[in-house]
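Q: Here the protein sequences line up with chains B and V, keeping their order. The working numbering applies: residue 1 is where the first sequence begins, and numbers increase by one. The working numbering applies: residue 1001 is where the second sequence begins, and numbers increase by one.
Any given hint could turn out to be false.
Here are the simulated DSBU-like pairs of lysine-lysine, each with C-alpha atoms no more than 30 Å apart in a straight line [said to hold, decoys possible]:
(1) V/K1023 / V/K1034
(2) V/K1033 / V/K1023
(3) B/K7 / B/K29
(4) B/K53 / V/K1023
(5) B/K95 / V/K1023
(6) B/K53 / V/K1010
(7) V/K1013 / V/K1023
(8) V/K1010 / V/K1034
(9) V/K1033 / V/K1013
(10) B/K53 / V/K1033
(11) B/K7 / V/K1023
(12) V/K1111 / V/K1125
(13) B/K28 / B/K95
(14) B/K53 / B/K28
(15) V/K1111 / B/K115
(16) V/K1034 / V/K1013
(17) V/K1010 / B/K95
(18) B/K53 / V/K1125
(19) V/K1010 / V/K1033
(20) B/K7 / B/K28
(21) B/K53 / B/K29
(22) V/K1023 / V/K1010
(23) B/K95 / B/K7
(24) B/K95 / B/K29
By construction, these hints were calculated from the structure, which means they are not laboratory data. Just so we're clear, the structure is a prediction, and the values are computed from it rather than from any experiment.
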Amino acid sequence: MSEYQPKLIYEDFNDSLHDLVQALGGYKKVGAMLWPERPVEEAAHALRHCLNKERREKLSPEQVRLLLQRGREIEFHGAMSFLAEQCGYDVRPIKPADEAADLIRRREQLHAELKQILDREERLFRGPLQVVGSK
Amino acid sequence: MERKNSTLLKALKDVVYHMGGAKRVAATLWPEKKISSAHALLLACLDANRREKLGSEDLIAIIRLGRDAGLHSAMDAFAEQAGYSRPSPITRDEERAELERRFLHALDQSKQMLDQLEGIQGRLKLGGKDK
C-alpha cells in the first residue's frame, strides 16, 4: 500500500491526478516516466502544466491510463475511483493473481471461439462445395 | 507511446460515433464554440497523430455520454488497461447513496480531528499552567 495519505475530497479529475503524482513520487519522477526523452526538469514542468486547468497543455488518454495503472500498482485508487464515479461507474482493482486468472480465462475463451470457427470452416469446405470441386 | 497504443482513443471514437458523430458531440462538449471549429477540434483530439488533446472534463463528459446511452466501451477500456475490474454502471440513486455515505464519513473524520485538536489544546493549556 502506498504510504502517501490521499486527500478525502477532490475538486476535479486533475486534482485527483495531482494527488496520484504525489503518491508516485512527485512531478520529477512521474514527468520522467511520461516523457523519458525530455530533461527531468522540463518533463516535470510539462506535467505540472498538464494538470493545471488554466493551461492549454493536456495529457493524452494513454498517459492518463498509464498514471492510473501505476496508481493501481501502488494501491492508490483515488484517481481511478474519482474518474469512475464522475462517469457513473463503480470499479474495483484487480489483484495481479486475479488478473492472471482472468487472462487465462480469456485465453481459454478465445481458444474455444477459435476452435468453433475452425470447425465451422472445416464443415463449410468439406461440404458440398468441396465435393463439387473434387469432381 | 501515444501512436502505438490507440485503443483508448478508438474506444472514445466509438462512443462519439454512436452518439451521433463528432459534430453533435463537439457541440455538446463546447457549446460556446462555433460548430465547425468544435467539430474540427474534437476530430483533432481523437487523432493520435495530432497535438490537440481532450481536457479531463471533456474525457469524463464523453465517457458519461456513452454511459447514459448504455455504451460502456470507453470506461471498460480505461479500467481494463489500468488493471481494474470491468466497471459496473451505477444508478443515480446508488450515486446519491454513495455521496451521502462519503459525506457522513468525511463528517465523522472531521469530528475526530476536532476531538484530537481539542485534546491537544487542552494539554497545551495544562502545560501552560505548570509553568
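Q: Give a verdict on every hint.
A: The hints, checked one at a time:
1. Distance check on the hinted pair: V/K1023 and V/K1034 sit about 10 Å apart at the alpha-carbon level, within 30 Å; holds.
2. Note on V/K1033 and V/K1023: the hinted pairing holds, with a Cα-Cα distance of about 12 Å set against a maximum of 30 Å.
3. As the CA atoms of B/K7 and B/K29 are separated by approximately 20 Å, the hinted pair is consistent with the 30 Å bound.
4. Straight-line distance between C-alpha atoms of B/K53 and V/K1023 comes to about 24 Å, which keeps the hinted pair within the 30 Å bound.
5. With a CA separation close to 40 Å, the supplied pair B/K95 and V/K1023 exceeds the 30 Å bound.
6. For the proposed pair B/K53 and V/K1010, the alpha carbon gap of about 25 Å is at most 30 Å, so the pair holds.
7. Under the criterion of a C-alpha separation no larger than 30 Å, the hint pairing V/K1013 with V/K1023 is consistent with the structure, at around 12 Å.
8. Simply put, V/K1010 and V/K1034 have alpha-carbon atoms about 25 Å apart, close enough for the 30 Å limit, and the pair holds.
9. Distance restraint check for V/K1033 and V/K1013: the Cα-Cα separation of roughly 20 Å lies within the 30 Å cut-off, and the hinted pair is therefore satisfied.
10. Straight-line distance between C-alpha atoms of B/K53 and V/K1033 comes to about 18 Å, which keeps the hinted pair within the 30 Å bound.
11. At most 30 Å may separate the alpha-carbon atoms for a hinted pair to count; B/K7 and V/K1023 exceed this at roughly 38 Å.
12. Only pairs whose Cα atoms come within 30 Å are accepted, and V/K1111 paired with V/K1125 is accepted, the gap being roughly 21 Å.
13. In summary, the hint linking B/K28 to B/K95 is supported, as the alpha carbons are separated by about 28 Å, within the 30 Å threshold.
14. Annotation: proposed proximity of B/K53 to B/K28 holds, straight-line Cα distance about 19 Å (limit 30 Å).
15. Taken as a hint, the V/K1111 and B/K115 pair is broken in the structure, with Cα atoms around 61 Å apart against an allowance of 30 Å.
16. Proximity of V/K1034 to V/K1013 is assessed by CA-CA distance (about 21 Å); at most 30 Å being required, the pair is judged to hold.
17. Of the supplied pair hints, the one linking V/K1010 and B/K95 holds, its CA atoms being roughly 26 Å apart against a limit of 30 Å.
18. Taking the CA atoms of B/K53 and V/K1125, the gap is near 45 Å; set against the 30 Å cutoff, the hint is violated.
19. A distance of roughly 24 Å separates the Cα atoms of V/K1010 and V/K1033; the hinted pair therefore holds under the 30 Å criterion.
20. Taking the CA atoms of B/K7 and B/K28, the gap is near 21 Å; set against the 30 Å cutoff, the hint holds.
21. Simply put, B/K53 and B/K29 have alpha-carbon atoms about 21 Å apart, close enough for the 30 Å limit, and the pair holds.
22. Straight-line distance between C-alpha atoms of V/K1023 and V/K1010 comes to about 17 Å, which keeps the hinted pair within the 30 Å bound.
23. The hinted pair formed by B/K95 and B/K7 meets the criterion: a straight-line CA distance of about 23 Å does not exceed 30 Å.
24. Note on B/K95 and B/K29: the hinted pairing holds, with a Cα-Cα distance of about 25 Å set against a maximum of 30 Å.
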